[in-house]
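Chemist: Position chain B relative to chain A; hints supplied.
Sequence lines, in order, name chains A and B.
What the first sequence shows, in this note's numbering, is residues 1 to 112, in sequence order.
What the second sequence shows, in this note's numbering, is residues 113 to 223, in sequence order.
Just so you know, not all the hints are guaranteed correct.
What the hints assert, rightly or not - The calculated lysine to aspartate or glutamate pairs, modelled on EDC-like cross-linking and capped at a C-alpha distance of 20 angstroms, are:
1) Lys71(A) <-> Asp38(A)
2) Lys222(B) <-> Glu121(B)
3) Lys171(B) <-> Glu100(A)
4) Lys115(B) <-> Asp196(B)
5) Lys183(B) <-> Asp206(B)
6) Lys167(B) <-> Asp179(B)
7) Lys57(A) <-> Glu79(A)
8) Lys169(B) <-> Asp196(B)
9) Lys115(B) <-> Glu73(A)
10) Lys175(B) <-> Glu59(A)
11) Lys175(B) <-> Glu127(B)
12) Lys115(B) <-> Glu127(B)
13) Lys9(A) <-> Asp179(B)
14) Lys57(A) <-> Asp26(A)
15) Lys57(A) <-> Glu73(A)
16) Lys115(B) <-> Glu59(A)
17) Lys9(A) <-> Glu79(A)
18) Lys115(B) <-> Asp179(B)
19) Lys169(B) <-> Glu100(A)
20) Lys9(A) <-> Asp38(A)
21) Lys57(A) <-> Asp206(B)
Hints are computed from structural coordinates only; laboratory data are not their basis.
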Amino acid sequence: NAGVTQTPKFQVLKTGQSMTLQCAQDMNHNSMYWYRQDPGMGLRLIYYSASEGTTDKGEVPNGYNVSRLNKREFSLRLESAAPSQTSVYFCASTSGGNNEQFFGPGTRLTVL
Amino acid sequence: SQKIEQNSEALNIQEGKTATLTCNYTNYSPAYLQWYRQDPGRGPVFLLLIRENEKEKRKERLKVTFDTTLKQSLFHITASQPADSATYLCASRDAGNMLTFGGGTRLMVKP
Numbered sequence: 001n002a003g004v005t006q007t008p009k010f011q012v013l014k015t016g017q018s019m020t021l022q023c024a025q026d027m028n029h030n031s032m033y034w035y036r037q038d039p040g041m042g043l044r045l046i047y048y049s050a051s052e053g054t055t056d057k058g059e060v061p062n063g064y065n066v067s068r069l070n071k072r073e074f075s076l077r078l079e080s081a082a083p084s085q086t087s088v089y090f091c092a093s094t095s096g097g098n099n100e101q102f103f104g105p106g107t108r109l110t111v112l
Numbered sequence: 113s114q115k116i117e118q119n120s121e122a123l124n125i126q127e128g129k130t131a132t133l134t135c136n137y138t139n140y141s142p143a144y145l146q147w148y149r150q151d152p153g154r155g156p157v158f159l160l161l162i163r164e165n166e167k168e169k170r171k172e173r174l175k176v177t178f179d180t181t182l183k184q185s186l187f188h189i190t191a192s193q194p195a196d197s198a199t200y201l202c203a204s205r206d207a208g209n210m211l212t213f214g215g216g217t218r219l220m221v222k223p
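The following block holds chain A by itself, in its conformation from the complex (with noise of 0.2 angstroms):
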């Protein structure tokens, strides 16, 4: 099992580009998480969908767009990006319950 995967790994946008991250699990998970993380603000929820065809705002959903494409599948899409969008993007998922989270590698996104 490959778990939670993320690409692109790392990206370089100018202000006002759009772009999509992309996280895939394999897990059969029904919960499905995007969260930035800053130097010294810790992991703060964007988007999470708690089921196939669910999206819920989080924490900072501002200049973001979700889609849960199918059970697998939960995009990130940034429509026009800002320097303050630079962040590391780490997607979870989890399969209820206690509420463990898998994480996958992040995406680190710098936006010019």
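Modeler: Chain B only, in chain A's frame:
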């Protein structure tokens, strides 16, 4: 909403000693707390969960405590090794079954 506070200063200890990391929560007592390990350039990895009604949980050289009076969890690594060097994150279950994470504490174990 819940706020999780961890010491942002790195903890430096000598190999073989016990490392103790602190996690404080500010509001309601969460149903459980989780601890994760994060290595540089990688995603967090789940280590332990401790429930509100549990005082202590152990897993090999790891021990976690939960004190609802102090609103605090302590994470201990006994007989620490250089391979234990990493950042350790505390997370609490929030409303809607979401997790709220602390900023993490970096542990450096010196040989």
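Chemist: Which hint numbers does the structure go against, in order from smallest to largest?
Modeler: Numbers 1, 4, 9, 10, 12, 13, 14, in rising order.
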